[in-house]
Amino acid sequence: MRTKVHIQNLKCGECENTIINRLSEVKNISDVEINQEQSTIAFDYHTSHDFEAAKHLLSQIGYPIVGKENKLKTKA
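Counted from 1, the sequence shown has number 33 at position 33 by full-length UniProt numbering; the numbering is strictly sequential.
Misleading hints may appear alongside valid ones.
Using 27 Å as the maximum straight-line C-alpha spacing, the simulated DSSO-like pairs for lysine-lysine come out as follows [claimed, not checked]:
(1) 11 with 55
(2) 27 with 4
(3) 27 with 11
(4) 55 with 27
(5) 4 with 68
(6) 27 with 68
Listed next, with one range per pair, are the computed distances between beta-carbon atoms [claimed, not checked]:
(7) 65 with 25: 13 to 21 Å
(8) 14 with 48: 29 to 37 Å
(9) 60 with 36: 15 to 23 Å
(10) 12 with 47: 17 to 25 Å
(11) 11 with 46: 23 to 31 Å
(12) 47 with 11: 29 to 37 Å
(13) 11 with 57: 27 to 35 Å
(14) 49 with 12: 25 to 33 Å
(15) 13 with 48: 24 to 32 Å
(16) 12 with 42: 15 to 23 Å
(17) 12 with 60: 15 to 23 Å
(18) 47 with 13: 25 to 33 Å
Everything labelled a hint here was simulated from the structure, so no lab data went into it. No residue lacks a Cβ here, since even glycine has one placed at the ideal position from N, Cα and C.
Go ahead and model the full structure; you've got the sequences and the hints to work with.
Right under this line is the structure:
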């Protein structure tokens, strides 16, 4: 399956590299594509558990999905 989600805190090319590298380490996540202008990430996954693991990782590394708590804003 493929999904596309809007994320928070996507600011630069280094952010893109971090996201791609970290998501690529998650089992059953592949073909990660990022659109910095729209702050979106698209990727393939196998099960809903894989999708939840990807969302959790994004939040942990500072790029939560829009609508989720943004801890970077509260720390600033």
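Quiz item: Is residue 27 close enough to residue 4, meaning Cα to Cα at most 27 Å?
Solution: holds (18 Å)
Quiz item: Cβ-Cβ distance between residue 11 and residue 57: within 27 to 35 Å?
Solution: The hinted range 27 to 35 Å is violated for residue 11 and residue 57, with Cβ atoms some 18 Å apart.
Practice problem: Just tell me: holds or violated, for the beta carbon distance of residue 12 and residue 47 against 17 to 25 Å? | Solution: At 32 Å between Cβs, range violated.
Practice problem: Would you mind confirming whether the straight-line C-alpha gap from residue 27 to residue 11 stays at or under 27 Å? | Solution: holds (26 Å)
Exercise. Given the hint that residue 55 pairs with residue 27, test it: the Cα-Cα distance must not exceed 27 Å.
Key: holds (13 Å)
Exercise. Determine whether the Cβ-Cβ distance between residue 49 and residue 12 falls within the hinted range of 25 to 33 Å.
Key: holds (31 Å)
Quiz item: Does the alpha-carbon distance linking residue 4 and residue 68 stay inside the 27 Å limit?
Solution: Given pair residue 4, residue 68 holds - Cα atoms ~16 Å apart, limit 27 Å.
Quiz item: At the C-beta level, are residue 60 and residue 36 separated by a distance inside 15 to 23 Å?
Solution: Check passed, 20 Å falls within 15 to 23 Å.
Quiz item: Is residue 27 within 27 Å of residue 68, Cα to Cα?
Solution: At roughly 23 Å apart (the allowed maximum being 27 Å), residue 68 and residue 27 satisfy the hint.
Quiz item: Do the beta carbons of residue 12 and residue 60 sit within 15 to 23 Å of each other?
Solution: Since the Cβ atoms of residue 12 and residue 60 sit about 19 Å apart, the hinted range of 15 to 23 Å holds.
Practice problem: Given the hint of 25 to 33 Å, check if residue 47 and residue 13 actually sit that far apart at their C-beta atoms. | Solution: Taking Cβ atoms as reference, residue 47 and residue 13 lie about 31 Å apart, which means the hint holds.
Quiz prompt | residue 12 paired with residue 42, Cβ distance criterion 15 to 23 Å | solution = The hinted range 15 to 23 Å holds for residue 12 and residue 42, with Cβ atoms some 19 Å apart.
In terms of the numbered hints stated before, the structure departs from hints 10, 13, listed from lowest to highest.
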